[in-house]
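Residue numbers for the sequence shown follow our numbering, beginning at 1267 and rising by one.
Fair warning: there could be bad hints in the mix.
Pairwise CB distance ranges (calculated) [stated by the list, open to error]: (1) D1343 <-> E1397: 35 to 45 Å; (2) R1358 <-> A1414: 49 to 59 Å; (3) S1339 <-> R1273: 49 to 59 Å; (4) R1413 <-> A1384: 22 to 32 Å; (5) V1363 <-> A1280: 41 to 51 Å; (6) Q1412 <-> E1326: 17 to 27 Å; (7) G1385 <-> D1269: 32 to 42 Å.
Rather than coming from a laboratory, the hints here were simulated on the basis of the structure. Cβ coordinates follow ideal geometry from the N, Cα and C atoms, glycine included.
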Amino acid sequence: MRDISKRRKDLLEALVGAGRDHGDAAVAYHGAMGERLGLGPTEEKALDLLRRHGPLTAGEIAQHTGLAPATVSGLIDRLEAKWLVRRLRDTRDRRRVIVEINYERVAGFAELLEPFAAGLSRLYERYTDDELEVILDWLRRSTALQRAATRELAER
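Input sequences plus hints: build the corresponding full structure.
In structure tokens form, the structure reads like this:
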């Protein structure tokens, strides 16, 4: 085993703690946002996926979330019952169903996100482009690790 310096050991421990704090803060934020919108956390995150990626099939939602297909069907049913999404037949393949956001219904949601988005913009201004590249690399790699761990848990 490689001998590591005290500084590196302390940094690694701090990263673990900061990562947990970041995850806790994200869960709390999305929970509060979902509560404000009358949505469960999975519903709120599904809407976020559709907002970022555009219309998706149920299978694509399952791939992005790691949820089982039956769970995704129930999720879409709940969102559709709240008039937040609609199912549409794919114009090229009528067997496929596409799920899209009902933008008329979610029109006011973006203003709830604005204070946090503005805060992030101010935070990003503190970093150089090179530092932002490192942060972006870490986020992408840690997200891939977390998705892989999620799939592994779901498959057990």
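Hints and how they fare:
1. Between D1343 and E1397 the Cβ separation comes to about 44 Å, which falls inside the hinted range of 35 to 45 Å.
2. The hint said 49 to 59 Å for the Cβ distance between R1358 and A1414, and at roughly 32 Å that hint is violated.
3. Range check, S1339 to R1273: Cβ separation about 51 Å, and the 49 to 59 Å hint holds.
4. For R1413 and A1384, the hinted distance range of 22 to 32 Å is satisfied, since their beta carbons lie about 28 Å from each other.
5. For V1363 paired with A1280, a C-beta distance near 46 Å keeps the hint of 41 to 51 Å intact.
6. Judged by the Cβ atoms, the range 17 to 27 Å given for Q1412 and E1326 holds: they are separated by roughly 19 Å.
7. At about 40 Å, the beta-carbon gap between G1385 and D1269 stays in the expected band of 32 to 42 Å.
Hint compliance for this structure: hint 2 is the single one not met.
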